[in-house]
Amino acid sequence: MADKKKTDGEQLAEKLLSDHKHGGLTVSDKEIKAGNKFCEGYKKYLDAAKTEREAVIEAVKRAKEAGFEEFERGKKYKAGDKFYFVNRGKAIILGVMGSLSLDKGVRLAAAHIDSPRLDLKQNPLYEELEFALFKTHYYGGIKKYQWATIPLALHGVIVKGNGECENVNIGEDEKDPVFCVTDLLPHLAQQQMKRTPAELIKGEELNILIGSMPFKDDKVSKKVKLNIMKILNEKYGIVEDDFMSAELEAVPQFKAKDVGFDRSMIGAYGQDDSSCAYTALEAILDVKKPAHTCLTILTDKEETGSDGNTGLNSSYLKYFIDDLARAYGLCGHNVISASECLSADVNSGVDPTFSDVTENMNASKLNYGVVATKFTGARGKSGTSDASAEFVGRIRKLFDDNDVLWQTGELGKVDLGGGGTVAQFIANLDMDVIDVGVPVLCMHAPFEITAKLDIYMAYKAFSVFFAD
Numbered sequence: 014m015a016d017k018k019k020t021d022g023e024q025l026a027e028k029l030l031s032d033h034k035h036g037g038l039t040v041s042d043k044e045i046k047a048g049n050k051f052c053e054g055y056k057k058y059l060d061a062a063k064t065e066r067e068a069v070i071e072a073v074k075r076a077k078e079a080g081f082e083e084f085e086r087g088k089k090y091k092a093g094d095k096f097y098f099v100n101r102g103k104a105i106i107l108g109v110m111g112s113l114s115l116d117k118g119v120r121l122a123a124a125h126i127d128s129p130r131l132d133l134k135q136n137p138l139y140e141e142l143e144f145a146l147f148k149t150h151y152y153g154g155i156k157k158y159q160w161a162t163i164p165l166a167l168h169g170v171i172v173k174g175n176g177e178c179e180n181v182n183i184g185e186d187e188k189d190p191v192f193c194v195t196d197l198l199p200h201l202a203q204q205q206m207k208r209t210p211a212e213l214i215k216g217e218e219l220n221i222l223i224g225s226m227p228f229k230d231d232k233v234s235k236k237v238k239l240n241i242m243k244i245l246n247e248k249y250g251i252v253e254d255d256f257m258s259a260e261l262e263a264v265p266q267f268k269a270k271d272v273g274f275d276r277s278m279i280g281a282y283g284q285d286d287s288s289c290a291y292t293a294l295e296a297i298l299d300v301k302k303p304a305h306t307c308l309t310i311l312t313d314k315e316e317t318g319s320d321g322n323t324g325l326n327s328s329y330l331k332y333f334i335d336d337l338a339r340a341y342g343l344c345g346h347n348v349i350s351a352s353e354c355l356s357a358d359v360n361s362g363v364d365p366t367f368s369d370v371t372e373n374m375n376a377s378k379l380n381y382g383v384v385a386t387k388f389t390g391a392r393g394k395s396g397t398s399d400a401s402a403e404f405v406g407r408i409r410k411l412f413d414d415n416d417v418l419w420q421t422g423e424l425g426k427v428d429l430g431g432g433g434t435v436a437q438f439i440a441n442l443d444m445d446v447i448d449v450g451v452p453v454l455c456m457h458a459p460f461e462i463t464a465k466l467d468i469y470m471a472y473k474a475f476s477v478f479f480a481d
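The sequence shown begins at 14 in our numbering and counts up by one.
A hint or two may mislead.
[Claimed, not checked] Below, simulated DSS-like cross-link-like pairs (lysine-lysine); rule was C-alpha separation at most 27 Å, straight line:
no., residue 1, residue 2
1, Lys89, Lys302
2, Lys188, Lys95
3, Lys268, Lys46
4, Lys157, Lys134
5, Lys50, Lys301
6, Lys229, Lys156
7, Lys46, Lys378
8, Lys89, Lys46
9, Lys56, Lys77
10, Lys28, Lys46
11, Lys74, Lys57
12, Lys134, Lys117
13, Lys188, Lys229
14, Lys426, Lys34
15, Lys117, Lys95
Source of the hints: derived by calculation from the structure; they are not laboratory data.
In this text, all values refer to a predicted model and were calculated from it rather than measured experimentally.
Please work from the sequences and hints to get the whole structure.
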């Protein structure tokens with residue numbers, strides 16, 4: 014039977030109206046398979062790089078394997094040369110020199126490698142009712158109740174009184190102990206349940222249980238605390254005062270896992286923003302001899318406003334580009350003004366259980382590709398960079414011409430909430446920038462969910478941007 018001829022209206026609608034479909038219906042089986050394979054490496058990265066320090070260590074390791082060398086100030090690099098610069102062990106810039114002069118600008122992908130967590134206070138260790146615990150101060154925007162009764166691992170560094178640095182990673186190995194924030198049983202939680210959700214677990218109740226056995230000595234008052242310090246002293250050679258010069262972070266002990274019967278999604282801690290950090294890292298590692306000089310920056314402190322000398326509200330990126338340009342007799346600010354950036358950060362995916370918080374015509378969806386977010390901010394677009402129509406159009410054409418599955422989205426309904434990214438700080442340098450990242454479910458929870466297809470499309474997006 015012959016196909017029914019389309020009506021004039023159907024033909025006109027096909028020509029004029031948007032018709033975005035689930036990537037599983039439009040992307041080839043071959044590419045979906047390639048995306049699934051790509052995400053096996055991503056899952057390993059998630060387990061290896063749960064903190065900003067570990068992400069830098071992983072990036073340096075991968076960079077050296079790919080032929081990158083440590084950046085030398087004043088050196089003239091030639092096309093194809095690869096270099097990296099580490100900022101205080103918590104941020105990294107990786108670059109591949111282009112064939113065009115730097116005054117034509119650089120292509121920059123900027124992701125962050127810090128995630129919400131529980132930081133130990135500077136005097137954390139105490140004993141209460143014959144239990145030893147750590148006091149914490151949460152980092153970033155969290156729902157505090159989500160961090161109780163889950164297994165936690167302890168990552169970070171301790172600088173001892175003599176200046177020696179001890180790396181700490183307890184809880185990730187199968188033989189390691191884990192730690193936990195306790196909560197009340199429902200039978201005795203009547204008063205607790207009258208609290209607002211924001212105070213169901215209060216900040217000062219995010220205390221981590223770390224031990225219960227005493228040191229056997231009747232002359233000692235805090236026997237359990239002493240026993241814990243004895244264990245730590247034997248393992249790391251530290252005393253209690255060494256906590257004052259330590260950075261110790263409690264993070265979920267969960268390993269990255271496939272989610273769903275179809276294994277189409279990934280669940281893990283820290284996918285905001287590891288999903289973009291990994292894809293931007295892989296994209297720069299794969300660059301060979303680009304026209305424009307390409308940079309990937311993996312930065313710290315985004316979750317607390319990007320302040321501090323390892324965050325992008327500081328000057329280290331500007332200084333780095335200035336150092337790079339000066340070797341060629343160029344002004345760094347001219348290079349920056351001619352440059353373009355993809356701010357590699359996630360957006361909130363539509364959740365079928367909580368879809369009332371999104372305006373679904375302008376919300377990102379899992380499996381619809383990488384999301385280009387024109388602006389973030391809150392209320393009347395405060396605290397954001399609003400990408401120009403011209404730059405959005407350029408990125409749109411770039412993605413369309415290179416078969417990158419992509420979508421647009423805002424962060425929730427107007428006036429309902431909001432958020433921010435590093436895009437505003439990049440834009441403040443006088444650079445064109447737009448947020449491009451992965452839609453995420455359960456953002457800022459200890460276990461976040463992404464779609465493998467979107468992860469792969471993020472990698473494609475950064476790759477074609479560097480190749481352009």
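Outcome of the hint check:
In summary, the hint linking Lys89 to Lys302 is supported, as the alpha carbons are separated by about 16 Å, within the 27 Å threshold. Under the criterion of a C-alpha separation no larger than 27 Å, the hint pairing Lys188 with Lys95 is inconsistent with the structure, at around 39 Å. Of the pairs offered as hints, the one joining Lys268 and Lys46 holds, with about 22 Å between alpha carbons and a cut-off of 27 Å not exceeded. Among the hinted pairs, Lys157 with Lys134 is consistent with the structure: their alpha-carbon atoms are about 16 Å apart, no more than 27 Å.
In summary, the hint linking Lys50 to Lys301 is supported, as the alpha carbons are separated by about 22 Å, within the 27 Å threshold. Distance hint between Lys229 and Lys156 is unfulfilled; the C-alpha atoms sit about 39 Å from each other, more than 27 Å. For the hint linking Lys46 to Lys378, the alpha-carbon distance of about 20 Å falls within 27 Å, and the restraint holds. For the suggested pair Lys89 and Lys46, the alpha carbons sit about 41 Å apart, so the restraint of at most 27 Å is broken.
Using a Cα cut-off of 27 Å, the hinted pair Lys56 and Lys77 holds, with the two alpha carbons roughly 21 Å apart. Taking the CA atoms of Lys28 and Lys46, the gap is about 31 Å. The hint is violated against a cut of 27 Å. The straight-line distance between the Cα atoms of Lys74 and Lys57 is roughly 14 Å, inside the 27 Å bound, and the hint therefore holds. For a cut-off of 27 Å, the pair hint linking Lys134 to Lys117 is broken: about 47 Å separates their Cα positions.
Note on Lys188 and Lys229: the hinted pairing holds, with a Cα-Cα distance of about 26 Å set against a maximum of 27 Å. Between Lys426 and Lys34 the CA atoms are separated by roughly 22 Å; this keeps the pair inside 27 Å, and the hint holds. Our distance criterion of 27 Å between C-alpha atoms is met by Lys117 and Lys95, whose separation comes to about 19 Å.
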